[in-house]
Every structure is written in structure tokens, then in C-alpha cells.
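Peer 1: Sequence:
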Amino acid sequence: MADDFIETLSLSSVSDPEDEPEFVAEHRLVIPLDEEEAEDEGKAGFEVKPPPMVQLDASLVDESETCSICFEAWTTSGAHRICCLRCGHLFGKSCILRWLATQGRVGKCPQCNARAHAKDVRVLFCKKIKAVDTTDRDRALCDLDSERKLRRKLELELSEFKFKYQVASDDAIRLRDELSSLRAVLSAVQTPRKRPGAFASVSASDPEGTPDPKCQKMLTGSYEIIKSMLLSPTGRCRVVAACEYINLLCVSQPSSNPLFKGFGFRKVHTGELRPLKYIHLHSQPIRDLALHPEHEDGIVASASMDKSLKLTSLLVDQVVQAYQCPAPVWSCCWASPSPNYIFAGSVNGSVLLFDIRVTSGPVETIYIEGNSSPVTSLQYLTPDMNSPVCQSGGLLVGQLTQVSFLEEMRAEPTTLPGSQDVNDAEPGTSTTPPGSDSADRKTYRAHPLPLEGSLISLSCVSSSRLLLASYRPSQRIPRVRHLLAELVGIRPLAGQAYTYECNELTSLFGGTQMRMLSRARLFQHEQSQNVFAVAGDDDSNGALLWNCTDGSRLQTLVPHNVDNQSPVLDVCPIDRGNRLALLTDRHLHLFQWSPSASY
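Heads up, the sequence shown is in UniProt numbering, so the first residue is 1 and it goes up one at a time.
Just so you know, these hints were derived from the structure itself, not from any lab. In this text, all values refer to a predicted model and were calculated from it rather than measured experimentally. Mixed in with the good hints there might be a few duds.
[Claimed, not checked] With a straight-line Cα cutoff of 25 Å, these simulated BS3-like cross-link-like pairs (lysine-lysine) come out: (1) Lys227 - Lys310; (2) Lys261 - Lys307; (3) Lys267 - Lys227; (4) Lys227 - Lys164; (5) Lys164 - Lys153; (6) Lys261 - Lys227; (7) Lys162 - Lys267; (8) Lys261 - Lys164; (9) Lys119 - Lys108; (10) Lys261 - Lys310.
Start from the sequences and build out the full structure, keeping to the hints where you can.
Peer 2: See the structure below:
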């Protein structure tokens, strides 16, 4: 038996998981041992010697070229690219991930039932395994997805433009009808002039052919309500301002979100007559909103009781500048035509001048001598060298007990407007940050005006130097009084300083009570060419409209379904006076002017 031997051939794979499987031939030579040798070894058996490693051709092995789950070919890229588990079996990546997801927490290999998890999946970069090249297909699918997204975006833009086109078409139709109506009214007014002696003809000194004032008075009409909308169910709306070049109203109101308590303003579209986005700004109520009358940049200034003045862009709905003030701010206005300066009236009677190019704080602080009552209203008068009554520009400051005119002059480096000398000023009297440019800054000299009473609001028409001062009822005058006056500048001699006074034109009387401080407005009505005054009236729960030309009351504006406890707090003319916005503590009511002709 010594010459006998058995040779066996078996296949085994290399256990190294990082290398590709190798197939080798293992030769085992079995030689019987002598009995003596077996006894020496203490057992009967055979001795196994290490076989030599012989490399076999890989073509002899039958390798699978498809995924064992879906029986589809592997790919070199994409979702079905080739991968393996920890046990070494090969699958398509999307198939094995879906398989393990259905297994639950303890997954198993589909072939050997070995434990497997999604984290065990390893992507293979194989050279000898046949895989379908889907690079072009994947790129095409990616391009298709991009084109679909672009198509959806274009469809949304198309829908938006169609909506805007429809709105513009409706506005054009409305304006065309309004123009036809106005032409008919104007034709009816001008027709009687052809009859001798009926009306005075156009003045020879008027080259543009402006109708006689008697003819202008015949162009009459009234305001009709067109929309009422609820803005704040909890109330506390306060002021409203108009940004006509982008068809928006800004209405101050409290936040309706309990997580973000505070105050801001809501945008209201005047063309579509619907409320838009709410912008949160302050922690305390807003007392005034102001937009630049000439510079169309969409910046609205908000004055708040939280001792701050903020500038917010209506185009991006974000705060672009914020100033901290030493006291709560009650009022604000822009210094037109300059787009850089803005005034803020404080509760301590001071007026702060800000330059939006200086972000550190106010560039000047102006005090009214002998008066520290809160500044309820600020109105800026643009310099007008052609004005026959007052050529100088300046700031009308309305306090609870006094109205003053701050005459605007060229700044002097060593003086502060309306206050002490810079070197003698007390701490906090002036806030002129270092490095602020004073080349184009003005100085202001205060002129108290002879107006008496408990002032609640102040409004003006800069071009005609007309102002409307509203006063609370008192024991001497037990009714709400709106005093229409004209600001006049008088220079005794050439080279001397101007003095200013008010020529009282007429008094417009309202109701007998005023529960809250409301604001009246004076504005130029374009269609009738008259100056109108409108103010809230608690007795009628609406607003009163006057023609300032003769002091006659034209109309009482009463919104529909108004709560008796909701007086009109603010009014705002829109579209050159053709529309009016009345604000209560909860609702916003919009009125439209409807012209008519009288003979």
C-alpha cells in the first residue's frame, strides 16, 4: 500500500474581501503510513502535506452577469450600479437597498441569509464583470428632469404674467371709462360758455386756458365706498400711509402670531383691493409711517414707542436701517426733495434729524425752547422761491400745546439749530456723530406760531402753504375744531430775518367728542381742483369732508357695518385724492370719487 496514493482536486476562493475572487487548484497527496510510524505518532491516519498553489484560468469559472434579485444586468453608474454586501455577494444597489428596507431592523442576504444592513453595502469598481454602460442614459434622464423643472417654472411665470396682464387690462378699461366720464363732464361744463353772458370766459392772462373758478366749482361729486376689509380682529391699528407708485397701502397693526408678539404693518394692494404680507418691525405700537413724497425708492419710515426709527424696503420686505432714539418716537417725515434726511419727533419734545448715510444715530437734535410736550405731527415745507406768501422751506412741528415753524437755513459749523452752542450744550443736547458730513446740512430756527388749543394732528399742502391744525374739544370751544390757516413769512427790511405768522382762513367744526387721537388730512383734489379736508368724526362713526375753498361740508363718509366703538383714527388720500382710505382700529375702508355735473 506504500505505493498507493490518491490525488484530489478542489476549488477554493481567496478569502480576502478586497481582492477579486481567484480560483486556484489545490492538490492533496494522501500517503498511507506504516503501522510503526503510526504508533510513534500515537494514532492511525494519514499525513497531509501543503499543496502547491496553481493559478487557474478565470474563463473556467461561470460568473453571473445579472443581479440575483431583479435578473437585470448591472450598470457602471446610476441607481443599479454593482455593489456587494459584507458576505461578498453581488447585487444591483437599488435592488439590495430595497430588499434590506423590506427586511426591517435585521436584514439578511438574499443568497446566504447572512446578517446584512444598509451600511454594509459597498459600491464596486470592477473591470472583469460585464456591466451595461448607462452614462449616456443617465445624462439624458438628468437633462430631461432639468427641462421638466424649467418647463414648470416657465408655466408658473406664464400664469403670473397672464394674471398681471388681466389686472392691467381691467385697470385700462376702468381708466378708459373714467376718462370718458370726465370728458363728458368737462364738455357739459364748458358748453354753457358759448352762450353770451352765461359764464366768464377764460382769462386772457392764462395762456393755458384754465377754466374760470366759477366753472371749476360746478365740477362736483361724492365719495362712494368700494371696499371694507378686516385687518386686525384684535384691533390696535393706528396709522396708514400710501405708496402710490407701487399701488400699496401700509397699515400699522399688532402681530397675530403669539410666538412673535409686537407690531408691524400690513401691505394692502390698492389695485386688487386685498391685504398682502404682514411685516413685523417693533416691540411697541407704531405711531407714524412716512414715505418720501418724491423719491420713489419704496422705503417707508416707521416711528414707534419702543424708542426706535426703522426704514423698511417695500420691494424686499426687509429692514434696511434701524436707529435707536433716546425717547419714544411719535412722528416722522422726510425732508423733501432730499432723499437722505428724515425727521423724528420724540415724546420729550425734541426733534431728531437723521441722515440715512450715517448709520450710527441722529446727526442733530433740535429742541423747541420752552416746550417739552410730545411732538404729535411733523410736516415739511419745500422751499419755493415763487411762493407769494412764504418762500422759505422748513419744518412744521406740532406739539400737544404749540405749533412751531423751524425755518431752514444754511448750517453754521459752530451752532446747533434750535438749541445751545455746541460747546455750551449739556450732555445729550446734540448728537452729531464724528465724521458726519455737514456740507449740505441745514440749520433750523424755531418760530412759535400763534395757534392755541390742545393739538391732536397737523397737516399741510406744501405748494400752497396751507396748513390744517386739529384741536380737541375744550370748555371754550366744546367741539372738535379744524383750523385752516396760511403760513406767511414777513421780512421788515431787506437783509433782516423773516418772521412767520398764520393767517386764519376758516374753522371747520366736527363733533362734540373725541375718544382717541385721530389724524386729519389736507390734500389737493385733482378732478375738482379744490383743496379738501377730511377728518374722523366720533359722533357719526365716520369721517367729515370739507371743501376748503368756501369752508362748506361736502359729505359725511360712513362705512358700512361699523362698530360704534370703532372711530376713524386715520385717513389717507390715494390717487391724487380720487380715492380715500379710512382706518379704524380693526377695519380699512376704501372710498372712490364719483364725479357729477351741476348747473
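Peer 1: So, for every hint listed, does it hold in this structure?
Peer 2: Each hint tested on the structure:
1. The suggested pairing of Lys227 with Lys310 is violated, with an alpha-carbon distance near 30 Å, which exceeds 25 Å.
2. The hinted pair formed by Lys261 and Lys307 meets the criterion: a straight-line CA distance of about 17 Å does not exceed 25 Å.
3. With a CA separation close to 15 Å, the supplied pair Lys267 and Lys227 stays within the 25 Å bound.
4. Straight-line distance between C-alpha atoms of Lys227 and Lys164 comes to about 21 Å, which keeps the hinted pair within the 25 Å bound.
5. Note on Lys164 and Lys153: the hinted pairing holds, with a Cα-Cα distance of about 17 Å set against a maximum of 25 Å.
6. Distance restraint check for Lys261 and Lys227: the Cα-Cα separation of roughly 29 Å exceeds the 25 Å cut-off, and the hinted pair is therefore not satisfied.
7. Taking the CA atoms of Lys162 and Lys267, the gap is about 23 Å. The hint holds against a cut of 25 Å.
8. Our distance criterion of 25 Å between C-alpha atoms is broken by Lys261 and Lys164, whose separation comes to about 34 Å.
9. Our distance criterion of 25 Å between C-alpha atoms is met by Lys119 and Lys108, whose separation comes to about 13 Å.
10. Between Lys261 and Lys310, the direct Cα distance comes to roughly 17 Å. Compliance with the 25 Å bound is thereby established for this hinted pair.
Going down the numbered hints, you'll see the structure goes against 1, 6, 8, while the others check out.
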